[in-house]
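Residue numbers (the working numbering), protein chains in the order written: chain C, 1 to 111; chain E, 1 to 887.
Calculated from the structure, these hints are not laboratory results.
It is possible that part of the hints are untrue.
Stated by the list, open to error - According to the in silico footprint, chain E covers these stretches of chain C (three or more CB under 8 Å from chain E):
#1 12-22
#2 52-65
#3 71-77
#4 91-98
Heads up, the beta-carbon is just placed ideally off N, CA and C, and yes, glycines get one too.
Single-letter residue listing:
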Amino acid sequence: MSDVEKLDVPQGTLDLMILTILVREPMHGYGISQRLAALSHDHFHVNPGSLFPSLYRLEQDGRLKADWRPTENNRRARYYRLTAAGRRQLERHRKRWDRVSFAVRSVLEGA
Amino acid sequence: MTLLHRLISMLRWVIHRSRAERELNDEMEVFVDMVAADRMRDGVPAADARRAAVLHLGGVEQAKERVRSARHGAWLDAAARDVRHGLRMCIRNPTFSLLAILTLAIGVAGTTVMLALIQGVLLRPLPVLDQDRLIVAWKDLRTLGDARYPFGATEIEAVADASRLLVNAAGVSAHGVGRSVMIENSVSSFVNDALVTGGFFDVLGVRPLLGRTIARADDVEGTEQVLVISHGLWQRRYGGSRDVLGHRVMLSERPFTIVGVMPPDVDYPSGVEVWRTTRSVPTTGPFGDAARREVNLIGRLRPDVTIAQATSELTTLSEQLDANAAPDTPVGLRPVVRSFEDVVVGDVRTSLVALLTAVVLVLLIASANAANLLLMRGESRRGELAVRAALGAGRGTLVRQLFVESLVLALAAGAVGLAVTWWSLKTLLPLLPDGLPRVESIRIDATVVVSTIAVAFVTALLAGLVPALLSLKADLVSHLRSGGIRGVTGPSGRDGRRILVIGQVALAVIIVAGAGLLIRSVLRLQSVDMGLPVDRLMLVNLDMPQAKYADRERRAQFLDDMMSQLESVSSIAAATPVNVSPFTGQGWDVPKFTAEGQSVEQAAANAPLNLESVHANYFDTFQVPLVRGRAFTAADREGSQDVAIVSGDIAARTWPGKDPIGKRLKMGDLPDPKPKWYTVVGVAATTRYRDLMRPRPTLYLPAAQFQMTAQMLALRTTAALDLVASLARDRVQAVDPDVRVIRVAPFTEMLEQPLARPRFNAFLLSVFGIAALLLSTIGLYAVMAAYVRQRDREIALRLALGATATAVRRFVLAEALWLAGLGAVIGLAGAAGATRLLRGMLFEVEPLDPSSIIGAALLLMAASALASYVPVRQATRADATAMLRSD
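Isolated chain C, as found in the complex (with noise of 0.2 Å):
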């Protein structure tokens, strides 16, 4: 871990962010923690104690589907995969960042 000042993850954007990263492949809640900071190149500090309550919420919306798995450690995880909601809802708030960031954006550099 550096020394630089971590961000909070703004708010509203979690989800988007776990959804992301479960795109690629299933994952336990340290790994994706773990992969979040490594994806903002350590920027991003997500509390464990924010990121447990949006998986369940996930989970009981039905975005996620959780099982218990082996991990590479040979122990047993709680990994989280993406169900076909879970994309659709990825699609709809991907579209939904990119408009904001880009109107973000232009108006910053516009001013």
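Go by the hints and put chain E onto chain C.
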């Protein structure tokens, strides 16, 4: 995501909770392990790595809690958890729970019983159309007494025609129900009958359950007379059979046909069993056309007409009618208009409201008691609460859980209370005094159940929330740090409990004082000097065939024969005819009289008189002493000088300081060209024959000179009453087999009726008083027990330092008596204000009667001393050295 889907997943979560909980737990463990494993790879020692991992998660339990509360249906889950937790806490502590539930149940049951009574008697609308528009009117005699002068059927008809504010009007007997003999298939019995004019039921706007009501066309003399019967009589006598219509019965010796049955709850005039027309009473009897004259007006106002407007219109109409009134009718009397509801419910409202007030005080005491118990438990649970707060339970969660716990208790208490209510109503209703209006409509209905739940809920709020907040007020973490698991009570809790106990004692003093006042009233009433040797008197009710005894001479002869026949029985000392039953308040009135020499103004100030038309042996039979002058004799007959005997109070008021013998008086207060003067020949002691509550100034006239309608005789006996009863029956048969003896009853039995309501009120308030006393004593006991427990170390120290057991007991007792005493003093002040509510229910006892109020305070003090006895003993029994060593 559809709503349905969400609902299903919510349910799935709730249903598969235990599996989900296990999974959540495992997942958190795995997470911590993985984080720790990473740290260890970086060279951190195992123990440190694990602690860091838990810290990273933000605490295992806390993280789990966050996941749980992020789920849909989390609130449902939380509520279920709270209720389960509440139940668990209640079960874990059965003594506490039982005590709290019982305490609350007493309060809830008392309140619901009173609410059921009030709902039935006062609040449930009367079974008439638009009761707010119904009025009852009579005329005021403008005298000191409460004498009401009736309108009369003829005037009511005239008023109904002329009025622009009344939709319609009818007449109803001014004296309420009468008692008449009803014969059906040669079985005779009494029924309560009410005389009404034809349009009566149309004015009320009630529809019959069966058949029809009494139409105007029925209110004609000579035709076949019709009867409408009450629901109660229909059930009792005819088993609710539809065949009742068309039944022919004899009532007061005239044939009637039953044409209709009223729905339940139609109880006007109060106690009525049959309604018949005023014209169904023969005018040839001794009362002439009194049935037509002595009716009050019942009318329906047009919408938005006020009682004041109606009064002024009736006054105007009445003045117009006075102008062409018959010469012997009184004129210039002012109409009095009351709402129908007022007339029906009457004075019961005061006593019900007073009783409800008392029971609400009991409920408050019960709540205080429950609050006290919860507070104490809150203190002993402070350790538990602190631990749970440290483990991540939010303050809101804790308060919510404490509240749900008391709600569970209160609901249990509500259920127990409802059962007790059901049982007490079943027990109480038969005990209710006769003449309490609308008893039929008292029952447990939805409103009562809802109010029980509401009462239970409010109780939970009072009893649960205050202690919950108080016990959280102190800083829980510092409590943990101080190592105090065995509760060291914060000052807030102790003061709160002291205040609760003081309040309980104060409230209990008020209720007990009220009960004391009512009990003293009843005792006074029971022992009041009636001026009659009540326990040796009996009343024989006769049914004399009207046709046979319409003739006055014949009637007088029969009564004379009866008297001599009865007096020939050795155990009957004397017998005399009387016109009305004793202690009913019923009788004949002389609303106005003038003493010779009085001006019209002076006469107007005279009190109305009770009139008794009596035989010569009346005073001897009742052993009423004649203070002056003589009794009537056989020489006082028609044609000789008109004489009178007056009660002592009239004599003293009318001719103060003078000898009343030889003075003359006449009825009425207006100048009269041909006055009929009665010469006073005797002065009798006052009696309460007519009215138990107060002796009425009475004018006695000789039956031979006035009139006698007696259908009953009073006997004074020297033997057992039941023996005399059968002898009396035989003698009546011997004189005339056509005369039936309806009832032979001792006077003491007739005292029951006027005593019933005061006794009932005293009984109910005593029950509340006992409940209040018990509850507040328990409350004080609990507080003292806790007080001793909390100070056991101090007490042990004192003992170890050489204080005697007596000294320690004295100082503990002083604390108890200080609390009780303060409560009693506050209660005294409260009682002084609250007992005023009872004023109308008291008999010869002042609302501030010191022996009742101070007695109540002393009783509470004594009970408190008793309640603290056990804790005081415990204070010194504990082994002092063991106690000191224990920490």
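Results of checking the hints against the structure:
Figure legend: the stretch 12-22 of chain C, annotated as covered by chain E; annotation inconsistent (0 residues with Cβ-Cβ distances under 8 Å, at least 3 required). Three residues within the 8 Å Cβ limit are the bar, and the stretch 52-65 of chain C against chain E gives 8, so the coverage statement holds. Counting residues of the stretch 71-77 of chain C whose beta carbon lies closer than 8 Å to any beta carbon of chain E gives 4, which meets the minimum of three for the stated coverage. Proximity of the stretch 91-98 of chain C to chain E, defined as three or more residues with a beta carbon under 8 Å from a beta carbon of that chain, is not established by the 0 residues found.
The structure does not agree with the numbered hints 1, 4 stated previously, though it agrees with the rest.
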